[in-house]
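J.: Letter by letter, the chains look like this.
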Amino acid sequence: MNTCEDKEVAFFGKITAGITHELKNVLAIIRESSGLMGDIISISPEAVIKHQEKIRNSIVRIKDQIERGVNLTDRLNRFAHSTDETLSKIDLQETIEQLVTLAQRFARLKHVVLKTVPPDHEGSPVILVTRHVQLQMALFASLECCFTIMSGGGEINIGIRKTKEENAVYVVCKGDLPSQSEFVRNISESEKWPVLQEIAACLEGSANLDETEHGIVLRFPKEISG
Amino acid sequence: MKNLKILLIDDEEEFVTTLAERLELRGLQARTALNGEAALQMIKVDTPQIVILDVMMPGIGGFEVLRRIKKQYPQLPVILLTGRGSTKEGIKGMELGAFDYLMKPLNIEELIKKMQEAIESHP
Numbered sequence: 001m002n003t004c005e006d007k008e009v010a011f012f013g014k015i016t017a018g019i020t021h022e023l024k025n026v027l028a029i030i031r032e033s034s035g036l037m038g039d040i041i042s043i044s045p046e047a048v049i050k051h052q053e054k055i056r057n058s059i060v061r062i063k064d065q066i067e068r069g070v071n072l073t074d075r076l077n078r079f080a081h082s083t084d085e086t087l088s089k090i091d092l093q094e095t096i097e098q099l100v101t102l103a104q105r106f107a108r109l110k111h112v113v114l115k116t117v118p119p120d121h122e123g124s125p126v127i128l129v130t131r132h133v134q135l136q137m138a139l140f141a142s143l144e145c146c147f148t149i150m151s152g153g154g155e156i157n158i159g160i161r162k163t164k165e166e167n168a169v170y171v172v173c174k175g176d177l178p179s180q181s182e183f184v185r186n187i188s189e190s191e192k193w194p195v196l197q198e199i200a201a202c203l204e205g206s207a208n209l210d211e212t213e214h215g216i217v218l219r220f221p222k223e224i225s226g
Numbered sequence: 227m228k229n230l231k232i233l234l235i236d237d238e239e240e241f242v243t244t245l246a247e248r249l250e251l252r253g254l255q256a257r258t259a260l261n262g263e264a265a266l267q268m269i270k271v272d273t274p275q276i277v278i279l280d281v282m283m284p285g286i287g288g289f290e291v292l293r294r295i296k297k298q299y300p301q302l303p304v305i306l307l308t309g310r311g312s313t314k315e316g317i318k319g320m321e322l323g324a325f326d327y328l329m330k331p332l333n334i335e336e337l338i339k340k341m342q343e344a345i346e347s348h349p
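Residue numbers (our numbering), protein chains in the order written: chain B, 1 to 226; chain L, 227 to 349.
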């Protein structure tokens, strides 16, 4: 950690990670309490506790929301811990999945469905040695670029396409979209595009508009020089 | 598994007391400790058959409690509870001698299954 900016990021990460631990405890107490209600219902006759079906349905809803909360909290925790080290070894697919989970709310506000595409390759995961926080910033900036031209909603698919030469992340927009040339112009003129370019350059990678699909292609080196 | 003596160690009182109630409804004997010091004392007075231990606790942390248990009672199985999204803490705990780890919030059926496995492997 050298610069004040690095220290700021580490501070936010540390505090956020601490809060996620607390949230996990809150969710654990809610789960055990609703579980205890379920246990009691299951051993009590209807004559003693009425409306058992409704109570059971409520418990199921609580349980589902706990699962949702746990998933979000886990992702937020990992996101916070991504600030632990400036440079780290990361699993690219895992990072994409995490970012997609955390960006769901931003997508929903734009009526966009965000989907992770499973890797199109067999075998070992794509591991990069890079700046994890900046990598997530690049992925998010690419989504924000897409949001700017998806006023009518739609779907964004994000995933890795692996070839012998490189590992590229494709962010592909689907739905009621402008023509390919208009898409390219609108995105390259959006205020988020230079931001994405800058972050990609910091990662010694690149961000380009896909000439054939409505999308953005992000390329990152396996290991950045420092 | 019936009447299995369990010690639950966690500083979240509402969590451990509710979990203990649920385990008792299933015929198990669950006691609770809210910190490491109290837990070690309880183990000394009346050693349980299994310990469920939270990693993140004020005072003596979970890993230190685990170290002390394993030093004095190497045959006593310990299952760790971790709050982190990653598996790092659980793996560290297993290197220190924990039987296994579970992430919070818990699935009680999974906990019971894990306890069964631990008891069977520590006859």
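For the record, the hints were derived by calculation from the structure and aren't laboratory data. Every value quoted in this text rests on a predicted model; they were computed, and no experiment measured them. C-beta atoms are modelled at their ideal positions from N, C-alpha and C, and glycine is treated no differently. Please note that a few of the clues may not be correct.
[Unchecked claim] List time: in silico EDC-like cross-link candidates among lysine to aspartate or glutamate, alpha-carbon distance up to 16 Å:
(1) B:Lys174 with B:Glu198
(2) B:Lys7 with B:Glu85
(3) B:Lys14 with B:Asp64
(4) L:Lys228 with L:Glu321
(5) B:Lys63 with L:Glu335
(6) L:Lys314 with B:Asp84
(7) L:Lys314 with B:Asp74
(8) B:Lys63 with B:Asp84
[To be verified] Taking CB as the label site, the calculated pair distances span:
(9) B:Gln180 with L:Glu240: 27 to 35 Å
(10) B:Val113 with L:Glu250: 12 to 20 Å
(11) B:Glu189 with L:Glu240: 20 to 28 Å
(12) L:Glu240 with B:Lys162: 14 to 22 Å
(13) L:Glu250 with B:Val26: 21 to 29 Å
(14) B:Lys14 with L:Glu250: 34 to 42 Å
(15) B:Ile40 with L:Ile345: 42 to 50 Å
(16) L:Glu247 with B:Pro221: 31 to 39 Å
(17) B:Glu53 with L:Ile338: 35 to 43 Å
(18) L:Gly287 with B:Glu189: 25 to 33 Å
(19) L:Glu290 with B:Glu22: 15 to 23 Å
(20) L:Met227 with B:Thr3: 40 to 48 Å
(21) B:Arg108 with L:Glu240: 47 to 55 Å
(22) L:Gly287 with B:Gln180: 33 to 41 Å
J.: Hint by hint, say whether it matches the structure.
T.: Structure-based check of each hint:
| no. | hint | verdict |
| --- | --- | --- |
| 1 | B:Lys174 with B:Glu198 | violated (26 Å) |
| 2 | B:Lys7 with B:Glu85 | holds (11 Å) |
| 3 | B:Lys14 with B:Asp64 | violated (28 Å) |
| 4 | L:Lys228 with L:Glu321 | violated (29 Å) |
| 5 | B:Lys63 with L:Glu335 | holds (14 Å) |
| 6 | L:Lys314 with B:Asp84 | holds (14 Å) |
| 7 | L:Lys314 with B:Asp74 | holds (13 Å) |
| 8 | B:Lys63 with B:Asp84 | violated (32 Å) |
| 9 | B:Gln180 with L:Glu240: 27 to 35 Å | violated (57 Å) |
| 10 | B:Val113 with L:Glu250: 12 to 20 Å | violated (45 Å) |
| 11 | B:Glu189 with L:Glu240: 20 to 28 Å | violated (54 Å) |
| 12 | L:Glu240 with B:Lys162: 14 to 22 Å | violated (48 Å) |
| 13 | L:Glu250 with B:Val26: 21 to 29 Å | holds (23 Å) |
| 14 | B:Lys14 with L:Glu250: 34 to 42 Å | holds (38 Å) |
| 15 | B:Ile40 with L:Ile345: 42 to 50 Å | violated (27 Å) |
| 16 | L:Glu247 with B:Pro221: 31 to 39 Å | violated (55 Å) |
| 17 | B:Glu53 with L:Ile338: 35 to 43 Å | violated (26 Å) |
| 18 | L:Gly287 with B:Glu189: 25 to 33 Å | violated (54 Å) |
| 19 | L:Glu290 with B:Glu22: 15 to 23 Å | holds (21 Å) |
| 20 | L:Met227 with B:Thr3: 40 to 48 Å | violated (56 Å) |
| 21 | B:Arg108 with L:Glu240: 47 to 55 Å | violated (33 Å) |
| 22 | L:Gly287 with B:Gln180: 33 to 41 Å | violated (57 Å) |
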